[in-house]
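Chain order of the listed sequences is B and Y.
Quick note, in numbering that gives the first Met the number 0, the first sequence goes up one by one and the last residue is 108.
Quick note, in numbering that gives the first Met the number 0, the second sequence goes up one by one and the last residue is 797.
Some hints could be false.
Below, simulated BS3-like cross-link-like pairs (lysine-lysine); rule was C-alpha separation at most 27 Å, straight line [what the hints assert, rightly or not]: (1) 632(Y) - 73(B); (2) 73(B) - 301(Y); (3) 299(Y) - 73(B); (4) 417(Y) - 555(Y); (5) 520(Y) - 73(B).
Calculated from the structure, these hints are not laboratory results.
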Amino acid sequence: MTVTWTAICRLDHLLPERGAAALLGDTQVAVFRLHDDQLYAIGNGDPLSGAQVLSRGIVGTRGEVPVVLSPMHKQAFDLRTGACLDVPGVGVPVYPARCRDGLIEVAVP
Amino acid sequence: MRLVVIGNGMVGQRFVEALAARDVDRGWSVTVLAEESRRAYDRVRLSAYFEGVTAEELTLAPPGVPTGTEFLLGEPAVAVDLAERVVRTAHEAYPYDALVLATGSRAFVPPVANADAPHCFVYRTLDDLDAIRAHAAGQRTGVVVGGGLLGLEAANALRLLGLDVRIVEHAPHLMPLQVDVAGGALLRRRVRALDIAVDCGEGVRDVADLDADVVVFAAGIRARDELARASGLAVGPRGGVLVDSSCRASAPDVWAVGECAAVDGVTYGLVAPGYAMAEVVADRLTGGDSTLDTPDMSTKLKLLGVDVASFGALTGPLDVVYNDPATGVYAKLVLSDDAQTLLGGILVGDASAYPTLRASVGGPLPGTLADLMASGAAPVGLPDSAQVCSCHAVTKSDVLDAVACGHTDIPAIKACTKAGTGCGSCVPLLRSLLAEAGIAQSTALCEHFGYSRQELFDIVRVRGIRTYSELVGAVGTGRGCDLCKPAVASILASLGGGHILDGEQAALQDTNDHFLANLQKDGTYSVVPRVPAGEITPEKLIVIGEVARDFGLYTKITGGQRVDLFGARVEQLPAIWRRLVDAGFESGHAYGKALRTVKSCVGDTWCRYGVQDSVGLAVALELRYRGLRAPHKIKAAVSGCARECAEARGKDFGIIATENGWNLYVGGNGGFTPRHADLLLSDLSTTDLVTYVDRFLMFYVRTADRLQRTSVWVGNLGLDYLRAVIVDDSLGLAADLDAAMAQHVDGYVDEWRAVLDDPVKLRRFVSFVNAPDTPDPTISFTVERGQPVPLLSIGTRP
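Using the sequences plus the hints, can you model the full thing?
As structure tokens, then:
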């Protein structure tokens with residue numbers, strides 16, 4: 000399954016641990032650069048409130064798991080798997096993200 | 000086996016559902032014969048039908064039908080043949096192996112001449128309400144016969160239909176069954192305040208005497224037992240199908256539930272006992288042996304805007320009464336003769352103590368009536384069955400059970416019981432329950448820091464730490480969460496850490512600070528320019544109007560005497576604020592855990608009662624403390640005389656003018672546990688007042704817990720201790736606190752102006768980093784009362 004990468008912005012455009020929203024086709028993606036420059040990209044829609052706001056959530060850890068806390072009602076989402084840690088069975092899509100020549104690229108099917 | 004149910008009202012519907020839940024292998028095939036042409040609907044909320052709620056929204060029938068069940072609407076039973084075990088309708092015969100009567104009750108029409116005139120109605124079914132509405136169109140006056148619960152509800156309905164309404168009650172006062180004379184008098188004053196006339200102690204002989212366009216009889220109900228009587232079934236002394244405590248009627252395999260049933264001769268007009276009967280019979284028909292325990296007669300409802308609650312027995316050997324006509328609050332507790340046991344009671348006007356009192360019926364009094372009425376609920380010594388979290392109906396015993404099986408901190412209790420996951424205002428109560436259960440609660444802020452907020456504040460200050468990474472590296476673990484990052488952000492801001500969106504701090508900010516605006520449920524933001532003390536020039540009012548109009552924003556006056564603009568998308572915020580800043584406005588910090596406003600009344604500038612210039616002081620204080628970040632939001636007010644029109648005593652700090660200067664009150668609050676601020680110091684000069692408020696605020700900023708309002712903080716410290724620290728400088732901190740406030744005042748910069756002047760910060764205010772000109776396509780609005788409001792296809796609470 001070939002993956003098509005789309006560049007969205009420069010790496011140094013993103014502040015560590017402060018997400019940003021990107022639009023790829025009609026898919027809204029929340030992109031996060033962690034304090035060690037790891038990159039994650041998940042669906043921007045908060046499934047519990049329905050609003051497109053996850054990119055605006057606080058980034059942190061729960062135990063060892065890197066998470067973003069929804070700005071609406073603070074449920075935690077695992078940035079690696081998209082699973083919601085507070086409401087079983089709820090989650091968001093996860094998209095591959097990488098940095099090539101200082102540009103952040105995300106692959107959306 | 001064949002089961003016939005006569006009646007599809009609320010209890011009939013509940014019975015069908017209860018049976019379906021238990022009869023898993025579908026032993027019963029059920030036929031429901033319903034007189035009305037609609038499926039069951041919520042008769043308790045019937046009056047909502049006149050407040051825009053549709054019949055569909057009132058339905059109690061879930062979509063679809065339980066398998067093996069058929070509902071025959073508009074097909075009333077006309078006869079029951081006990082010998083043949085057959086129910087007959089006008090068209091069919093339905094043999095039964097079991098028969099359940101759920102025929103409810105009918106409105107009682109007193110023996111009055113012309114009671115069947117075309118303008119006379121009863122108030123029981125949706126068809127009745129349709130008929131009343133049709134007839135009331137274009138009419139002027141309406142009379143309700145009957146001043147009980149139903150009468151007050153019917154009066155409200157006629158009022159909503161635009162009629163001049165009069166209630167006629169033959170008993171000496173309103174709600175004679177629930178409330179005594181004093182309570183009735185108070186209720187009458189509250190009802191008269193809604194310009195509904197009330198005539199008590201008057202019987203009605205002839206409808207013509209009432210001289211009204213519309214007459215509604217709401218004089219009680221009578222069990223519908225005509226089918227039972229005709230079939231030979233036993234009936235109660237005051238009507239109703241006579242049944243025993245298992246709801247079994249006098250013939251084999253015949254049961255009765257709801258208002259038509261006379262359980263050991265007693266009929267019940269409330270839905271809760273009816274539901275209990277439905278559950279008992281459903282259990283009995285699936286092999287169970289349950290019986291009805293004494294029904295709970297408690298009710299809590301709002302009639303014409305008045306809270307009315309009754310619980311347990313309404314009369315007894317000893318009454319304790321609390322009657323305050325000024326605030327329109329009445330309460331009576333019914334006690335055992337030795338005053339040790341609570342038997343029941345009545346609350347009118349303020350029912351906040353209802354959960355605690357209802358849960359205490361049969362046991363000791365949870366507190367003196369005066370305390371209960373003042374504080375609403377006595378948390379300490381709360382009975383186990385008292386409701387702790389109203390969002391998810393979690394009781395104290397639920398919480399204690401969770402604690403018992405190892406959930407010994409707030410997050411665990413939240414996960415296990417869902418308490419505190421709604422509005423969250425019961426979290427302090429959960430903490431006190433943990434303390435009550437003897438759980439040593441760690442003061443650690445979260446999993447990332449083993450310190451309390453106050454300890455972290457001192458560490459940051461003493462070590463001169465400037466960033467979160469530095470702090471977590473020194474004394475924490477992991478990369479933080481929604482508890483510690485905003486707390487550290489607030490600490491850094493309180494210690495003059497520069498603009499909160501500078502550098503790494505931008506990644507610490509909570510939901511609203513994140514974009515210096517209040518996030519709304521659909522992802523848009525609200526904007527609140529500062530309006531010091533609520534005083535604004537016509538020109539600035541015009542600017543706010545123009546900005547809202549040009550950006551299509553929804554406008555509303557706020558509780559803090561300023562204007563809130565809703566519906567701004569994140570990428571619009573800079574353009575909106577550019578217009579506001581250019582017109583001389585600045586950030587109102589409605590988004591921050593910071594000072595919000597210092598409200599004011601006009602004081603001696605205009606008011607004939609004013610004794611000091613409250614507006615002048617309020618403006619000066621708001622401009623002094625604006626932007627001061629703190630453990631939680633800070634609200635203040637200044638009143639120009641003892642009439643207290645600025646409601647200063649409901650604020651974190653409140654100031655009331657006196658002949659000789661100012662009285663300073665602290666620790667007031669609205670919220671979950673409303674509290675009037677306490678008098679800290681009196682007759683202060685303005686200079687002394689400012690000094691003491693400076694120290695009060697700075698001491699709060701440094702020592703309060705995370706998200707702890709001053710009301711709780713002052714409660715913990717005690718006024719004397721606080722006075723000692725602030726006035727007598729008992730801790731030798733005064734100079735330090737004064738200097739810190741001076742630094743805050745001198746260093747203040749408007750956050751929004753700073754963003755507009757900084758391209759790096761401005762760049763973040765975009766919809767999408769790779770498509771800055773494309774708005775979020777999921778945001779859309781509809782119009783309500785002439786203003787844009789979110790189109791709610793999204794944005795519903797979990």
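* Given hint residue 73(B) paired with residue 299(Y) - CA-CA distance at most 27 Å -> violated (33 Å)
* Holds or violated: residue 632(Y) to residue 73(B), with C-alpha atoms at most 27 Å apart -> holds (19 Å)
* To do: For the pair supplied as a hint, residue 73(B) and residue 301(Y), confirm whether the alpha-carbon distance does not exceed 27 Å.
  => With Cα atoms ~34 Å apart, residue 73(B) and residue 301(Y) exceed 27 Å; violated.
* Holds or violated: residue 520(Y) with residue 73(B), Cα cutoff 27 Å? -> holds (13 Å)
* Asked: Taking only the CA atoms, is the gap from residue 417(Y) to residue 555(Y) under or equal to 27 Å?
  -> It is violated: about 33 Å lies between the C-alpha atoms, which goes past 27 Å.
Of the hints listed earlier, those the structure fails to meet are numbers 2, 3, 4, in rising order.
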